[in-house]
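Visitor: Sequence:
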Amino acid sequence: MDASTAAYVHRQELQNQVIQLQEKAGDDEKHHCNKLWSTQKLLKHERRLQFFLTSKSRERKIQDDASTSQHEDEEEGDMDQQKLLSKGKQKNQNGDENLQHNKPLWEQGEAVTGEHEVSSLLQKFMTAESQNFALFNFINEQRAELEHHHAEVEELHKEIEDYKRSENIREEQRRREYEVLKKQEEEAFAQTVQLEDDLQRVNNIIEELSTGIKRLSTWLGCDELLLTLQTRSSTSATKHPLLCIQSLVEQKINELLTIHTYLLTKDQTQPLDPYKAASLILGHTRKIPLQNLPLPLPSLTKEGIQQTGGIENGDAEKEEEPPFSLTDLRNAVVNQVIRSGLDL
1 MDASTAAYVH RQELQNQVIQ LQEKAGDDEK HHCNKLWSTQ KLLKHERRLQ
51 FFLTSKSRER KIQDDASTSQ HEDEEEGDMD QQKLLSKGKQ KNQNGDENLQ
101 HNKPLWEQGE AVTGEHEVSS LLQKFMTAES QNFALFNFIN EQRAELEHHH
151 AEVEELHKEI EDYKRSENIR EEQRRREYEV LKKQEEEAFA QTVQLEDDLQ
201 RVNNIIEELS TGIKRLSTWL GCDELLLTLQ TRSSTSATKH PLLCIQSLVE
251 QKINELLTIH TYLLTKDQTQ PLDPYKAASL ILGHTRKIPL QNLPLPLPSL
301 TKEGIQQTGG IENGDAEKEE EPPFSLTDLR NAVVNQVIRS GLDL
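Just so you know, we're using my numbering here: the sequence shown kicks off at 1 and counts up by one.
Everything labelled a hint here was simulated from the structure, so no lab data went into it. Any given hint could turn out to be false.
Unchecked claim - Derived pair list, reagent style DSSO-like, types lysine-lysine, alpha-carbon separation capped at 27 Å:
| # | residue 1 | residue 2 |
| --- | --- | --- |
| 1 | LYS30 | LYS41 |
| 2 | LYS44 | LYS158 |
| 3 | LYS41 | LYS61 |
| 4 | LYS56 | LYS164 |
| 5 | LYS214 | LYS252 |
| 6 | LYS24 | LYS164 |
| 7 | LYS35 | LYS56 |
| 8 | LYS124 | LYS61 |
| 9 | LYS44 | LYS56 |
| 10 | LYS35 | LYS24 |
| 11 | LYS56 | LYS41 |
| 12 | LYS124 | LYS41 |
| 13 | LYS24 | LYS214 |
| 14 | LYS35 | LYS164 |
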């Protein structure tokens with residue numbers, strides 16, 4: 001965002017500079033046109049003045065030539081004198097014609113300059129020539145500077161176009177990246193919601209499992225102090241030491257099974273061999289020579305094992321239950337063993 005703002009500000013500054021340069025170029029062009037018009041006017045006046053001065057100098061030269069020719073004619077002879085006089089007259093006539101032709105220009109020059117002396121007029125002419133030359137040099141410098149400014153303006157236009165193209169490309173790239181990030185954000189949000197739901201469900205399962213283990217440990221008569229030390233809580237089981245609690249429960253179940261097996265050996269009508277009795281109590285063999293004892297079959301439900309006489313409904317007919325899973329059967333066996341141990 002900061003880079004885009006800086007680029008926009010830089011582009012605005014460049015546009016302002018281009019506008020200022022264009023305005024300055026227009027003003028310089030107008031000023032140059034005015035000066036050029038004034039210079040052309042002065043040059044035209046100077047050409048007329050130069051033509052006038054040339055005509056005057058030519059007339060004076062003609063007069064000098066006529067005087068020289070007349071002197072030579074007197075020395076050479078009458079014949080030659082007449083020729084020279086005729087030639088001088090012809091030149092004088094040409095000079096008079098030029099004088100009559102340039103007289104309006106001279107009068108116009110006098111009216112413009114206000115000078116009647118040739119020397120003063122010549123001095124003004126030389127001064128004007130110097131000024132015109134300086135003005136001409138200044139105009140050339142201004143023209144060169146104007147061309148340089150035009151080249152800079154063209155270069156700035158080119159840089160602005162290149163910058164616009166690159167900015168458009170970067171803007172398109174940023175837009176695509178924004179769309180990709182937005183899509184990733186939506187996917188991450190959906191995944192987060194799904195994970196939160198899964199976490200809540202797992203926490204509920206862990207809470208139910210912890211409550212069940214706590215209840216089972218209470219039923220089995222486990223050591224509350226040891227359970228508290230394992231769970232680091234005296235109120236409920238947490239999800240971290242579940243394996244420790246499970247080991248305590250399994251240990252208690254093994255003790256109860258051992259007691260139950262010992263009691264079964266005591267109920268035998270025939271005395272057992274001490275070695276076999278010890279092996280049977282320690283659980284070293286699966287071949288237990290037990291007598292078939294009439295045991296009441298419990299009713300199996302999803303909640304666990306219920307005694308046959310403890311059905312709350314008391315109905316003779318039972319609804320058909322779906323098949324039990326391995327976990328349900330295991331829980332049912334554990335509950336039955338607990339009840340049998342308590343009865344004994």
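Visitor: Of all the hints given earlier, name the ones this structure violates by number, lowest first.
Guide: 2, 3, 4, 7, 13, 14
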